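Residue numbers (the numbering used here), protein chains in the order written: chain L, 24 to 314; chain V, 83 to 425; chain H, 953 to 1225.
Be aware that a few hints might be false.
As the list claims (entries may be wrong) - Cross-link-like lysine-lysine pairs, in silico, DSSO-like; alpha carbons within 30 Å at most: (1) V/K226 - L/K97; (2) V/K355 - L/K97; (3) V/K281 - V/K355; (4) V/K226 - V/K264; (5) V/K368 - V/K355; (6) L/K108 - V/K264.
FYI, nobody ran anything at the bench for these hints, they're computed from the structure. Keep in mind it's a predicted model, so treat the numbers as computed, not measured.
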Amino acid sequence: MTAAASDLRAGAVARLRLSPPEWPLVAPLGLIFVGFFLAPLALLVWTSMHADAEMTRLGPESWMRFLGDPFYLKVAADTLLLGLKTVALTLVLGVAIGLIFLEASPAQRTALLFIIILPLLLSVVVRTFAWIVILGSEGVVSNAALALGLTSAPFSLLQTELGLIISLAQIELPLMLLPLLSVMGRIDPNLLDASRALGASRWRTLWRVILPLSAPGLTAGCLLVFASSTAAFISQSVIGGGRLIYMPLVIWQQSIVVYNWPFAAVVSLCLLISVLGVIGVIHWLGRRVRA
Amino acid sequence: MTRHLFNRRAVLGGAAAATGVALSGLPARASGDVIAAIYPGSWEEAFRSIVGPALTEASGVNLELDPLYAVDQIAKARAARGLAPFDVFVLDPGPAASGMEMGLYQPLDMSKLSNAAKLPQVFVDDFSIPVAAQVVGIAYNPTKVAKPAGWADLFKPEFASRLGLTGFQTTFGTTSLIEISKIFGGSETDVAPAMEKIKEILPQVAAVAQPSAMAGLFQQGQIDLMYTNTQTVATLKGRGVDIEFAVPETGAIAFVTTMHIVKDAENVENAYKYLDTVISAGVQDKLMQAPFNFIPVNGDVDLLDTLPMASLDEMNGFVRHDWTKINPLRPGWIEQFNREVAA
Amino acid sequence: MRRIHAPADALYAAVVGLLGLIALAILVGPVLVVLAVSFTSEPSLRFPPQGFSLRWYAALIDPAQSGHIHEAALNSVTVALRAAGVATLVSGAAALWLRTRSGPAGRAVDLAFMSPLVLPMLSFGLAALILLTTIRVRPTLFWLSAGHLVVVAPYVLRTTAASLSQLGQPLLDSSASLGASRLYTFRRITLPIIAPGLAAGAFLAFMASMDNVPVSLFLSSARTDMLPIRLWGMIESSLDVRVAAASGVLVVSTTLLLLAMNRLVNLSRRISR
């Protein structure tokens, strides 16, 4: 009740403060969203309610087939887990880069930003080839590990979840870092100096000053990384291979190879709903951290 | 600093300019066009450089190509039903049978195709003409592994550890798995024995991959054996990859790639001219040469001795499949393959 | 006082440094591989490359051999510019609105706007095509751009919202109490604060559109050939090295663009001083 009341009050205050109406700000995106997204989405929901591939009769069979099958539920769980693991890796690596960015000179910052956007310049097609080179047996990683004596035999990270997560991290790191750095870049350096001067260790400064101030950027990054890595069909299927099965592969097989659109629609909607659910939780966590 | 990189004025200016350009339509179509779907990659390159100019020269028709894989063509045509996205399909047997079942083609009037008589008539029907033959067998790297004698060899330890497997989503994958199944007691409609065998060797196989990754995996030496068609082998060989084609002792698989005119096609007359050009002896001969390596279907073309057959009559000696029987079973096979190989 | 933390601080530097190095390796490694391969003198993609030559760059630039690649690249850039440009405007504006709506309704709208990022684009592409044909509309460059716009808009929304969260209400209040007009406040306070977020979002949106296969697959036609679909065909069937060279061209031109922008900004600073 109190939350709702404070929201109401905040809304009222906002309306008072800003004399011209604010809805025109959101109207364009809203209209585009309704016209180009909600309409196809509604069509998808309608498709999913058909029982057979030929879409001749309505029925819940397609939904039952997905929800009643432990195999598909595991595929769904694996997809979400893949997203979370990718978020975890990009979060740790992203924060490290962010901290280096904080202490860098303007010239170094420019160089760092350039390196961060590099992966976006490679088409997914050729990126995939590069990861085959790096992760394969006799590949760069395997040879380096051999040279360092970390392993006694060549190994391949291709077709493993670890290899997939590493390759996803490359393309997801920019999604984590661009929002993060646009927030971190504005942290007042004096705050950090003050924290040090007051005797805080660097760890404490990180936990108490830098991370809370960067929370909006971190949340935004996590959301983008999670959403994008769960849907990354090409990386998942080419680097992950045929033995790691995620929802986008099932959607592709069902809609494009065997033309069972109702079932493909069910899997799409399940992916949408479950990922939005996790995103809601990340959002909520982000707000908790800030509060 | 951040602002050095993303100068805000530049960005906002660019955004405003882009909106100003606005989202405009396309010019109206010229009358002399035909829009044909085509497989991306070497098919597209070949048709752009050989068929397009030949068609313009012969009839003044301009060829527009829409690069789409067979399954994507069917999905797109099905979604755009009544408003055909292109005029002509090019399909392998599996998707071709699906399209037939969905009623996506219009009947062909053979009298409009001057070259139709030169085609092997067993592959011509009321809705389709063949445009190229394909032969599927085993590709191997001769510098790394011995030449496999047949499908059964793939399951021996020394071969299995170098093998790249793909599932039922492609025509060559499906037919190869059917042949493997036959070796171990299965049939065209029973792939259970192949699944059993695959499950046994799964821990050893070099890769279970998507078809699109196979060429890269092979080139980088991650796999040294795969099932594929002779055209892919010839193309990769032409690009310096160590690859050879082995005909399995039970026979290589053969099928034809067909073309069909879309039911609601806009440029029907031009579509006929396009089909006639594709199957003409001159074009078929050029498509057969490196780097394209098509297997021609026009009887007037003398087959190169690098091709896996001396004449099209030999097609009957190859293994063939009935896709009207396979298609209804394939969704189940794809799902079963997922379940069996899932880590 | 600082000496107390010396060991912990050393550990901090080591951990951050090590993780940073790993991150840089992951970011840069594949780019280096592709660049190295693009200079090969061999006829196909292979690592490590044998011999050095610029033949694949020459082949990529040659209009006779690669004219259709240039056409596809131009189409892709056009669509990406339109989609990212419009997305920047409308998502930026929507982010401003969302900032004042912190209640459950605002959160729900926010989540809804994020959903195009999550819906598998393959399904979206198919559904959009069915919808267009239902209303008897043939996909054109306009509809293709619109399709891309929907799936890239969330990037701008997210990055701008993140920057906006640093904009304290007191700052706006003090600006207003000092008699500044809303437009002036927007130009002098809000815009500078959200500019990095807008720019980052616009860039992400542009690149996401450039690399989008599934939406283009269904909404493009023979006349609106798109770059990634073409590259996909080139690498899958023949490991064509021009694909790597195309990446090389992108990397080099981006570098030059960034250097030029840096120059310009520095120059304008010096002038204004």
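Problem - Earlier hints that do not hold, by number - result: Structure breaks hints 1, 2, 3 and 6.
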